[in-house]
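Those protein sequence lines, which keep their order, are chains A and B.
Last residue of the first sequence: 562 in the working numbering, with the numbers rising by one and none dropped.
Last residue of the second sequence: 562 in the working numbering, with the numbers rising by one and none dropped.
It should be emphasised that the hints constitute simulated quantities derived from the structure, not laboratory data.
Check the hints yourself; a few may be wrong.
Pairs count within a copy or across copies, as identical chains cannot be separated in the list.
What the hints assert, rightly or not - Computed cross-link-like contacts, EDC-like style, restricted to lysine to aspartate or glutamate with a CA-CA straight-line distance of at most 20 Å:
(1) K459 / E547
(2) K459 / E398
(3) K511 / E465
(4) K557 / E532
Below, each chain spelled out in residue letters.
Number of protein chains: 2
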Amino acid sequence: MAEQAAPQNPAQNTTSTAGSDLLMIACSETDANIYYASHFLAPDAFIYFQAKGRSYLLMSDLEVDRARAQSKVDVVLSYSDYEARAKSEGIKAPGLADVVHTFMKEQAIQEWTVPANFPLQYGDALRQHGYTLNIKNDPFFPKRVLKTPEEVAAIRITQEAVEEVIGEAFERIRQAEIKEGLIYYEGQALSSESLRNFLHLRLMEKGYLGQHTIIACGRDACDPHNEGSGPLRANESIIFDIFPRSIESRYFADMSRTVVKGRPSDPLKRLYDTVLEGQELGIRNVRKGKNGLEIHSEILAYFEKQGYATGKVEGRMQGFFHGTGHGIGLDIHEPPRIGKVDHFLEEGEVVTVEPGLYYPEIGAVRIEDMVLVTAEGCRNLTTHPKTFVIP
Amino acid sequence: MAEQAAPQNPAQNTTSTAGSDLLMIACSETDANIYYASHFLAPDAFIYFQAKGRSYLLMSDLEVDRARAQSKVDVVLSYSDYEARAKSEGIKAPGLADVVHTFMKEQAIQEWTVPANFPLQYGDALRQHGYTLNIKNDPFFPKRVLKTPEEVAAIRITQEAVEEVIGEAFERIRQAEIKEGLIYYEGQALSSESLRNFLHLRLMEKGYLGQHTIIACGRDACDPHNEGSGPLRANESIIFDIFPRSIESRYFADMSRTVVKGRPSDPLKRLYDTVLEGQELGIRNVRKGKNGLEIHSEILAYFEKQGYATGKVEGRMQGFFHGTGHGIGLDIHEPPRIGKVDHFLEEGEVVTVEPGLYYPEIGAVRIEDMVLVTAEGCRNLTTHPKTFVIP
Numbered sequence: 172m173a174e175q176a177a178p179q180n181p182a183q184n185t186t187s188t189a190g191s192d193l194l195m196i197a198c199s200e201t202d203a204n205i206y207y208a209s210h211f212l213a214p215d216a217f218i219y220f221q222a223k224g225r226s227y228l229l230m231s232d233l234e235v236d237r238a239r240a241q242s243k244v245d246v247v248l249s250y251s252d253y254e255a256r257a258k259s260e261g262i263k264a265p266g267l268a269d270v271v272h273t274f275m276k277e278q279a280i281q282e283w284t285v286p287a288n289f290p291l292q293y294g295d296a297l298r299q300h301g302y303t304l305n306i307k308n309d310p311f312f313p314k315r316v317l318k319t320p321e322e323v324a325a326i327r328i329t330q331e332a333v334e335e336v337i338g339e340a341f342e343r344i345r346q347a348e349i350k351e352g353l354i355y356y357e358g359q360a361l362s363s364e365s366l367r368n369f370l371h372l373r374l375m376e377k378g379y380l381g382q383h384t385i386i387a388c389g390r391d392a393c394d395p396h397n398e399g400s401g402p403l404r405a406n407e408s409i410i411f412d413i414f415p416r417s418i419e420s421r422y423f424a425d426m427s428r429t430v431v432k433g434r435p436s437d438p439l440k441r442l443y444d445t446v447l448e449g450q451e452l453g454i455r456n457v458r459k460g461k462n463g464l465e466i467h468s469e470i471l472a473y474f475e476k477q478g479y480a481t482g483k484v485e486g487r488m489q490g491f492f493h494g495t496g497h498g499i500g501l502d503i504h505e506p507p508r509i510g511k512v513d514h515f516l517e518e519g520e521v522v523t524v525e526p527g528l529y530y531p532e533i534g535a536v537r538i539e540d541m542v543l544v545t546a547e548g549c550r551n552l553t554t555h556p557k558t559f560v561i562p
Numbered sequence: 172m173a174e175q176a177a178p179q180n181p182a183q184n185t186t187s188t189a190g191s192d193l194l195m196i197a198c199s200e201t202d203a204n205i206y207y208a209s210h211f212l213a214p215d216a217f218i219y220f221q222a223k224g225r226s227y228l229l230m231s232d233l234e235v236d237r238a239r240a241q242s243k244v245d246v247v248l249s250y251s252d253y254e255a256r257a258k259s260e261g262i263k264a265p266g267l268a269d270v271v272h273t274f275m276k277e278q279a280i281q282e283w284t285v286p287a288n289f290p291l292q293y294g295d296a297l298r299q300h301g302y303t304l305n306i307k308n309d310p311f312f313p314k315r316v317l318k319t320p321e322e323v324a325a326i327r328i329t330q331e332a333v334e335e336v337i338g339e340a341f342e343r344i345r346q347a348e349i350k351e352g353l354i355y356y357e358g359q360a361l362s363s364e365s366l367r368n369f370l371h372l373r374l375m376e377k378g379y380l381g382q383h384t385i386i387a388c389g390r391d392a393c394d395p396h397n398e399g400s401g402p403l404r405a406n407e408s409i410i411f412d413i414f415p416r417s418i419e420s421r422y423f424a425d426m427s428r429t430v431v432k433g434r435p436s437d438p439l440k441r442l443y444d445t446v447l448e449g450q451e452l453g454i455r456n457v458r459k460g461k462n463g464l465e466i467h468s469e470i471l472a473y474f475e476k477q478g479y480a481t482g483k484v485e486g487r488m489q490g491f492f493h494g495t496g497h498g499i500g501l502d503i504h505e506p507p508r509i510g511k512v513d514h515f516l517e518e519g520e521v522v523t524v525e526p527g528l529y530y531p532e533i534g535a536v537r538i539e540d541m542v543l544v545t546a547e548g549c550r551n552l553t554t555h556p557k558t559f560v561i562p
């Protein structure tokens, strides 16, 4: 799924000193850093410490036993034990920061590194207690960016499910008939909604959670995050952008394909060929040490050279106005970015390469693969063919 | 789904002054406040202002046109326009806080109210720019707690799907045969996983997203958030706790039922009757003006009187060690809480009432309905029968 070209990152406004004593307070269902560190899933926020090389969770009575059984941290502590200690030290109704403070005093550590999204409320309260909090930008855990073989396998397994179900969807389009410009499968006009439901059900049957899958046709597709709605039309480009997560491993995969049922116009054919050439150029450029900004700029320059300009026309963005790619793993969009920012690729990064071109008068095309950065180049984790025309 | 009895809330550590000029920077896919305010769903964080009574989004090139078409705010502004303005004012590489600052200067507002989970990184950067940020605890939007008739209807529609699919699951258990202590349906032993998959698929077919549905048996169920695994056993209590969201409206519903296939032991029967009596006591107590702390304490006292103590036994929590209930809406757990904290119920709140008792030697029971607080009492939004024994 496309991401903005220049992440809105205030790096210059934040501290860059980062020690090894870490604190997070977050919900692992929505915060991949705390999940990565704890391997514990819970519906409400909980507290994670890394102190003097050991990892800790501070858990409510409701979660403490399950955390002991399921999490991968060194020590699971009881929140209510520390709350009782805070009370015994004279605090009448200890708040979370008081309880966290009780643990921190015990560790005799004054300076903690927290993620950029650390809640301001707790930040203020802990600073009132006298602690120094150093904010560390993502990647909070640099290792999260460099995928282990197990993580690459998990992403690839999710991608296999993607390829299987998208193959089934394309087979429906292949078997379909064109009547009055619409696409009929087994007597019903295929729509963005009906195909999306089909894909999400097939994914769930296999143990994958698909949400917001984009199946967008014609002008809808010119807005890269428009999910699409209504009947799909023949002879127009249809963007499929599908990015489910494995319910078991929690790793995402991400792939886009653009197809036409019937016959594309000549300008649309040329648009497709240009995006495909741009995407292949991008993939050829991926290797350890290469600057993502250059990869992005080269594609943009290639598009411009072919006559496809990027910018506002009548108040709307046209051309190639998102990033070339993004890291993927426990988050659908995670570092690194391949876009309008410097990033020197490292071995073990898994990134998407997904340029697109969007012109309401012609159509929209986006093509996306996931690749693993290697020393010499990259390994494409996507094996699905790039077929434009489905007769 | 059960929540901790006393939310870990550091209210005493935060500012209580809250003006009407609001700022949020969050991802609406995971942050219900920014979704509530914007009605715009996006996979990455974006910026919301409420300034002098008008609401604004500041959106990247990738999302700006879609936000104009889909969001419900008064004005959608282009992030890159403000970024360009910041550059023209001499900032070489403006970060997000610089861009936000450009908008704030234009508004000539020095003091902003932000939610408790506002990212510390942006909080620090904006304070460096000279702004006063007042943190407002949840409910950030007090109106979010008081459901409109449309919101109650959305919750009730989700609940209808819950009742339909859970009815189908119970029908499978009813039709099943007991062989060597296990529960066989159409020749297969029913397991937590197989029934969970069945429920999640049926929900998705209807347009609902079920995740982490609890189907836990015997000792698994004594850990209230254990999802359950392995074959379900006859004559033991099985907790079903199901809390999907509508993909269309994004509103949740939440229900728990406890059943036994076959014959429960006498102690388990008595445990069930006690929880049911406690839950009915709780529901009878719900009305405008009543303190949730009292509702919780009365149930706890009733359980104690019946001989069911709460506390640690051999290092594990037993008894009734979670809250009685929680608000529900765009989040599965949202204010208010009915637990170990004061909260005087207001008309229009939708809360769960879900006491439970957990003893590894006997079994686990939790029963949960959702109710709408009214002036005289409450309206139960849950109509599913409470059947304990499935013969």
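Against the structure, the hints:
In the homo-oligomer, the alpha carbons of K459 and E547 lie at most 20 Å apart inside one protomer (7 Å), although the nearest pairing across protomers, at 68 Å, exceeds that limit. For a Cα distance limit of 20 Å, the shortest separation of K459 from E398 qualifies neither inside one copy, at 34 Å, nor across copies, at 42 Å. When the C-alpha separation of K511 and E465 is checked against a cutoff of 20 Å, the pair qualifies only within one copy, where the shortest distance is 9 Å, while the shortest distance between copies is 57 Å. In this assembly of identical chains, the alpha carbons of K557 and E532 never lie at most 20 Å apart, being 23 Å within a copy and 59 Å across copies at closest.
The structure does not agree with the numbered hints 2, 4 stated previously, though it agrees with the rest.
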